[in-house]
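Take the given structure of chain D and dock chain L to it, following the hints.
Line by line, the protein sequences are chains D and L. Just so it is clear: in the first sequence, position 29 is 29 by our numbering, and no numbers are missing. Just so it is clear: in the second sequence, position 80 is 80 by our numbering, and no numbers are missing.
Hint data in this document are derived by calculation from the structure and do not stem from the laboratory. Each hint should be verified, as a subset may be incorrect.
To be verified - Pairs of lysine-lysine, PhoX-like flavour, derived with a Cα cap of 25 Å:
#1 K11(L) - K42(D)
#2 K58(D) - K71(D)
#3 K57(D) - K68(D)
#4 K107(D) - K42(D)
#5 K71(D) - K22(D)
#6 K42(D) - K78(L)
Remember, predicted model here, so these are calculated numbers, not experimental data.
Read off the chains here:
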Amino acid sequence: GENVEQHPSTLSVQEGDSAVIKCTYSDSASNYFPWYKQELGKGPQLIIDIRSNVGEKKDQRIAVTLNKTAKHFSLHITETQPEDSAVYFCAASIRGGQAGTALIFGKGTTLSVSS
Amino acid sequence: GAGVSQTPSNKVTEKGKYVELRCDPISGHTALYWYRQSLGQGPEFLIYFQGTGAADDSGLPNDRFFAVRPEGSVSTLKIQRTERGDSAVYLCASSFQAYQPQHFGDGTRLSIL
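With the rest of the complex left out, here is chain D:
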């Protein structure tokens, strides 16, 4: 069945360093790939997304890259700050985006940024 794998499961960086989280997906029909940030006791917050017709997208310190041939996509956070500490989830649309945009999520990456 459809699957999204996310690595690493935990990531510790120093403030100001860059952080990279990688995901692979199995359904070649997936065409939408969002990233969410989740803080303790809160729901996931959308931070950036990318569609399959684009290879890269950037929003200030956050960027996402997509390689459809290899079926993987990555989140890049530059100049990390302590407030970036949270659990990050990648996701991919399932069933080729039919029936809305139901998503399948990775298992998450716990990012810790120390000052």
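Below, chain L alone, put in the same frame as chain D:
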């Protein structure tokens, strides 16, 4: 409020009981999704509504789970004969239309004793 609202925020009940979880989507959003998140895992898709109809309920784990959205706005997720394995955070998300970004509420933490 401006975001997705879910009530109650916490629900504790005994095995075998019936529960209802409510979701108020962002005003004007036609698409509504329910997900379930177990500890240490990503959200898992349950059901998708476009307007009043359930367009895709393939993620519901069994027939004890049911959801409605009678007027195309508020949705209720209903669980009958609850089991301890149903304990999780139930998340609701909405989007302006299908194929648009989904925005999540803070969820209902359901605990079955």
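Consistency of the hints with the structure:
no.: 1; hint: K11(L) - K42(D); in the structure: 16 Å, holds
no.: 2; hint: K58(D) - K71(D); in the structure: 19 Å, holds
no.: 3; hint: K57(D) - K68(D); in the structure: 14 Å, holds
no.: 4; hint: K107(D) - K42(D); in the structure: 16 Å, holds
no.: 5; hint: K71(D) - K22(D); in the structure: 11 Å, holds
no.: 6; hint: K42(D) - K78(L); in the structure: 22 Å, holds
Comparing the model with each numbered hint stated earlier shows that all of them hold.
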